[in-house]
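Each chain, letter by letter, is given below.
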Amino acid sequence: MGESIVRQKILRLVMVTVIGLSTLFILFILSLTLGPVEMGFSEALTSLINVLKNGGRTSNINELIVYHIRLPRAICVIGVGIGLSIAGAVMQAIIRNPLVDPYITGVSSGAAFGVCLAMFAGITIVKIPFYTIPLAAFLGALLAFLLTMFLAEASGGMTLSYVLAGVVVGIAFSSFTTIFLVLGGEKLHGALFWLFGSFAYVSWKVVWIVFVPSLSLSIIVLLYARELNVILLGDEQAMQSGLDVQSFKRLMIIITSLLTSVCVAFTGIIGFLGLVVPHIARILMGSDHRILLPTVMLVGANVLMIADIIARTVLKPVELPVGAITSLIGVPFFAYLLIKRGREYVV
Amino acid sequence: MLYEGAVIIKIEDVTFYYESVKVLDGITIEVQRGEFLGLIGPNGSGKTTLLRCISGVLKPRVGVIYVDGQRIDKLKLIEVAQICASVPTELSSEFNLTVSDFVFLGRYPYVKGIWWESKEDEQIVEEVLKSFQLHHLADRKLSEISSGEKQRALLAKAVVQKPKVMLVDEPSAHLDLKYKLEVMEYLKELSRRKITIIAASHDVNLLSKYCDRIIILNSGKIVSFGRPEEVITEELIRKVYGVEATIMRNGNETFVVPKRPLR
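Chain order of the listed sequences is D and X.
Per this note's numbering, the first sequence starts with residue 1, numbered consecutively.
Per this note's numbering, the second sequence starts with residue 348, numbered consecutively.
Rather than coming from a laboratory, the hints here were simulated on the basis of the structure.
Treat the hints loosely; a few may be bogus.
As the list claims (entries may be wrong) - Here are some of the chain X residues that sit facing chain D, going by a computed Cβ distance under 8 Å:
#1 VAL404
#2 ILE425
#3 ALA428
#4 SER433
#5 PRO435
#6 LEU444
#7 THR445
#8 ASP448
#9 LEU452
#10 TYR455
#11 PRO456
#12 ILE461
#13 TRP463
#14 GLU464
#15 GLU469
Since we're looking at a predicted model, the values are computed, not measured.
Quick reminder that beta carbons are idealized off the backbone N, C-alpha and C, glycines included.
Make the full structure from the sequences, and use the hints.
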């Protein structure tokens, strides 16, 4: 063995962090160059540095665009990339099922339903404050998660039970969402684009209620990395190893619902990210959550950044919903997992 | 609760129900420190349930279990895990932990830092990996190693847990003859180092070869409890398993040679 195992792990963690942050930085600046107003890489970078030096005061049009339009979007992409990927990784660990993520378990649809319901109530009954939207999303997400868990466990708790239960719950919530969209008429039309997942309407106000909670909740999850390792053993063995499985799972269900809802509340349903990213990270760095989770955060931010850049450039000047791009990548990936590994997990 | 230091586990009149089915019925046992105890009985006789009760995962409706002088229902799971380590029949490899990741999990009840194991934890793990001839496999994935190696990894994880009691369920289920004997030798060695072993198995001959005492369970009740050569009799095999058998003795060792099922 030679070198200490723990030391080796810390070294690998440092390495992945340095690489992940470097690529993220490049993608971040690249995303600041994109939009109707053409800008070079170094132009975008200098504008960003200047405007940050002046504490947000802008002195020319480039700085204005970078600071007020493109920067919040880029930060939001990172927040959502981290949040959905961590939520996926945690779900896969506590359900011990590599085929789940916030989208497949119906949790995203539950959150979206919560938002639509709140907006519908907002236009028909009373004007509701902006900050109740994430709360409605959270209630929807939690309800969906609990329903999925209940259905899956009542039907035997096999790997595919969770997928099927999640799909059913997801469809149910989506149908309700559609009904509310139709009832809401023109006033909810903007919601349609939002529903597919998009960062097009992100402002600074949104950044703080997406990025900050998403990052802090993910850091809380990081503190439980060892518990997530233990739970991979299965409920009974985890208990025999000293983990209070019930209360730990309860906590993780709440955290993943919160993570999903802050991501979905303002940027819509971005499917399959939470499925694909943990798999990539596991292939790269193994299953120890102390290395896996930071890798998931970095890969998640990088992948969603790339997807957002693709969504904005591929049919320029038309912008595609980023959720469509992640699904285009995610669906074949999911199919591959289902064919290659689904069989092992059915029984 | 006070009693002589030689008793590590005391089970008093334990009765357990799964929903309304009585699975354990008035079990009373005292187990000595460093004893190698075998648990045999037909399918559904309550062997695994009894192990689960001792590991604190199941709470009996009636009766009390003392482990190392403490009532188990008053302990937290993490405190139980510092006394009892469980070795399951199988290990899941769905998430492809490496062998060393897996064995390190045995230190969970002790690690004080938030994240990384201490130098001491690491030393314990490295020693145990060596003594189970697993150190060259430390970075291999669990799905890539053989059944015999998996069984050793399961034992290694339990040993790094530094338990006073090891609860072993079917230690030899998927192993060939050589590995079966190897696992039993490991367990025997651990019991010589004053770790109490309670092993449940269907393999009557294997248990009677290695165990100090044997408990025979049938329908949740203790049918017989004592030294293997005393309890394993033709009459008992007939009564408990419904099988006609001949008992052969070779010095201290007792073998059951099954003949035919009774009608």
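These are the hints, each one checked on the structure:
Because the beta carbon of X:VAL404 sits about 5 Å from the nearest beta carbon in chain D, less than 8 Å, this interface hint is met. With 8 Å as the threshold, the beta carbon of X:ILE425 comes within range of chain D, its nearest partner Cβ sitting at about 4 Å, so the hint holds. Below 8 Å, beta-carbon pairs count as interface contacts, and X:ALA428 has one with chain D at about 3 Å; its hint therefore holds. The interface hint given for X:SER433 holds, since its Cβ lies 4 Å from the closest Cβ of chain D, which is under the 8 Å cut-off.
Hint on X:PRO435 holds. Least Cβ distance to chain D is approximately 6 Å, under the 8 Å limit. At a threshold of 8 Å, the smallest CB-CB gap from X:LEU444 to chain D is about 5 Å, leaving the interface hint in force. Checking X:THR445 against chain D by beta carbon gives a least distance of about 6 Å; that is within 8 Å, so the hint holds. Nearest Cβ of chain D to the Cβ of X:ASP448: about 5 Å, under the 8 Å cut. The hint holds.
A least Cβ separation of about 6 Å between X:LEU452 and chain D falls short of the 8 Å threshold, and the interface hint therefore holds. At its closest, the beta carbon of X:TYR455 sits 5 Å from a beta carbon of chain D; the interface hint therefore holds under the 8 Å criterion. This hint holds: X:PRO456 has a C-beta 4 Å from the nearest C-beta of chain D, less than the 8 Å allowed. Because the beta carbon of X:ILE461 sits about 6 Å from the nearest beta carbon in chain D, less than 8 Å, this interface hint is met.
Using the Cβ-Cβ criterion of 8 Å, the hint placing X:TRP463 at the interface with chain D is satisfied: the shortest such distance is roughly 5 Å. Checking X:GLU464 against chain D by beta carbon gives a least distance of about 6 Å; that is within 8 Å, so the hint holds. Checking X:GLU469 against chain D by beta carbon gives a least distance of about 6 Å; that is within 8 Å, so the hint holds.
In summary, the structure agrees with every hint in the numbered list given earlier.
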